[in-house]
Amino acid sequence: MADKNYYTIDPEGKLTCLKCRCKLQKDKAKFLYLDNGFPVELPVCPQCGFVYVPEELALGKVLAVEKALEDK
Amino acid sequence: MIEERVSTHIYRQKQMLTKEELEARESLCVHEQPPYCNAACPLKLDVKAMTAAIAAGDFDRALGLYEKITPFPHLLAAACEAPCEAECKLCGLGEGVSVRALESAAVTWGTKAKGRSLLRKKPTKIGIFGADLMTVFLAGELAKKRYTVSLFCAQSGPEDLMARCIPDQAEAVRQAAARTLAAMDLELCWNTDPAEEYRQRGEEFRIRAAAFSVARTLYPQIAPDPAVMVSRDHGLITGPAQGVLDAAFAAKKAALSADRMAQNLDPANTRGQEGSLETRLYTSLEGVAPSRRIPITDQESAIAEARRCIQCHCDECVKGCAYLQHYQKFPRILTREIYNNVSIIMGDHMMNKPINACALCGQCKVLCPNGYDMGEICRIARENMVFTGKMPLAPHEFALMDMLFSNEEAFLARPQPGFDRCQYVFFPGCQATAVAPATVRAAYRDLCARLPGGTALMLGCCGAISHWAGRYELTDQTRSFLREALARLGDPVIIAGCPTCKQELEFTGLEVRGVWEILERIGLPETAVAKPRPVALHDACGARGDPDTQASIRRIASALGCQVADTPYSGDRAPCCGYGGLTQYTNREVAKKMTDQCLQRSDLPYLSYCMACRDRFAREGRESMHLLELVYGTAADHCPDISAKRCNRLGLKQQLEKEIWNLEVTEMDLGFTIEYTPEAEALMDDRMILKSDVAAVFQNLRRTGEAILDSETGLSVTRSRQGNVTFWVKYRETETGYRVFSAYSHRMKVVARK
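Which chain is which? The protein sequence lines are A and B, in order.
Numbering of the first sequence is given in the numbering used here, commencing with residue 804 and proceeding in unit increments.
Numbering of the second sequence is given in the numbering used here, commencing with residue 8 and proceeding in unit increments.
Read the hints as simulated data drawn from the structure, not as lab findings.
Just so you know, these numbers come straight off a predicted model, no measurement behind them.
Just so you know, not all the hints are guaranteed correct.
Said to hold, decoys possible - Computed cross-link-like contacts, DSS-like style, restricted to lysine-lysine with a CA-CA straight-line distance of at most 27 Å: (1) A:LYS831 - B:LYS756; (2) B:LYS336 - B:LYS96; (3) B:LYS326 - B:LYS21; (4) B:LYS737 - A:LYS829; (5) A:LYS822 - B:LYS737.
All chains should be built: construct the whole structure from the sequences, respecting the hints.
As structure tokens, then:
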């Protein structure tokens, strides 16, 4: 099954890792909560692996999934 | 840090209440009890619904409801003795609703619904021998049930029969009843000798019924059981009846017996509740004006008379409680749904939100005529879910962390200088120190100066937060911790600044007094200046059932010049401000409705004696003051945000340690500065992100260098995981540190996958 993609880096290359001085790229990441895992694609630093969770994603889909899982 | 629940795949279970306990609690709620009129009707007419239909001008629906209970609506409406009218609640005020006149109105102006019965004709043959009121009604009942019925009468036709059965009724009523009988799906055998027909043809019928006079001709000693209208010895349905209603009711009983006999069942068993009922309904007449009956001459007057009906129901708890209003459920239903929610092992727990939204304030217990305590149900459910590992931490975590902050970093327990053991300890409570540190400081200094035997100070949380959250282990730990600290101070008399603390601290076994009681005893300080001011006094839920506290507060308020306006929801009936039960944290929408409900009572400035109430009222823009502010002439902070509240607690502790105990206080220096845009501060307060959380994120940044730059916005973004939450901060560097533009958080962990 294809990984869910909830964020597109637009324009491409606008996100830079300040530690590694390189551009973040769309890559594989995973959300983990209450013993559940969700594979996703997010901006990731190719060198240090910093995964960026944008504000709108955190307050939108991530929050909704958290709430759904909390009531399981 | 408080441990998050381990997994959604937990199958631990514990019964919240036994079935008997659940039923005992549910039975207290009388909302679904029948109204007085319905209960009085042996035929089970839904008087309330019929009246409501007429009040809405829907005579067709009213007739439909009426026809459900009788095959002869014209006759019953004209001649029913109407026991419902005597039970009408309005009789206690003036005149009750004239139900029989409304029944006649339904019969007169309602149109009978078209369409045929969906029931198939039953082949069971029933013979009815002889016509009296009971057997005529019975024939109608059995025809409605679609039996194959033959009625043998001595009379020559329907009009003749009705003239015999209801000679006192008006010609029009008799004719209408005759028409109804003639239109029924019955075999009508006129000009017969019913007794003779019974002897000769009785065996043709599976079930036999007879007019009581005919039965006595056949069997002079016959003594049918009036409960089922059957003479078992003779296998005959029969019995005497007095009057129209009695005959109609006897026919209903007889028809049910026929049903059971048709199935070869004992007519006496499994009959359900028959006849009029006892109802436990409670209906308040508060606000209902006495009125007189309106003579019904046309549809308009019928509608006007029906509108006098107050549609008896009990919603005493709902009227006062924003929580119950929000969920639009009555305690019995809500309890059952919560019970089921707690019992399910897998799947969605749809009632978690309602369980966590109740203020646990106990108002419903006072308002309910039977003392239904919805808060106790919710609290038991919370504890149960914590025990089984099903309670999410997210709704309560901020409040619980706040409690830990109060009892760790901001905790203080010191005897008055010069005393090893103190006679008293002042316990102002976590909300007073957060909202009004200057008032707490003034109160403590006053108590130290004027009370003998030394007054210690204890700044911390009483444990109400974990108690409300259902975290019983944390509550036990908190209580042990507080108990030990109190022992070190010499087991003093506790002077609680907050009514909830006063209630919670009873566990200590020590004497617990409200600061108001002490102030009454030693007199108000010089700072207490009497100034005439009208106020609406809001009673705290912590003082529910504590008339001494409520009276003491009123006396002090009066001494301060306050002209206290009480409302129907003062004293024990007071609603919660929205802080209790942690509603403020778990469901802001409900909490706001609770606050609004409190503030609807009056336009005056609000005086309270719980700092949480004081703060919530001020946040809604109302002039709001705490009693101690008036006593000490010190104003509370104006709506401090979540970070300012923590800062106030810590700042007060440090200030008092320095001033009173001469301790050196070392200020925490981060080594860099953090500025916030006003938008960021507002966002953080809304998203429950503390400035200390943001500071920890920057400390992590300085350790790891992990951040990204968004060239589109020009803002850098960094993050760190603290406890169960990942905090993100959008910032720009400044010469001395950072300027914050936004902050957000999530509870999920995120990792890169290779």
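So, going through the hints one by one against the coordinates:
In summary, the hint linking LYS831 (chain A) to LYS756 (chain B) is supported, as the alpha carbons are separated by about 14 Å, within the 27 Å threshold. With a C-alpha separation of about 25 Å, the suggested pair LYS336 (chain B) and LYS96 (chain B) falls inside the 27 Å cut-off, and the hint holds. The straight-line distance between the Cα atoms of LYS326 (chain B) and LYS21 (chain B) is roughly 33 Å, outside the 27 Å bound, and the hint therefore fails. Simply put, LYS737 (chain B) and LYS829 (chain A) have alpha-carbon atoms about 21 Å apart, close enough for the 27 Å limit, and the pair holds.
A hinted pair counts as satisfied when its Cα atoms are at most 27 Å apart, and LYS822 (chain A) with LYS737 (chain B) qualifies at roughly 16 Å.
Of the hints listed earlier, the one the structure fails to meet is number 3.
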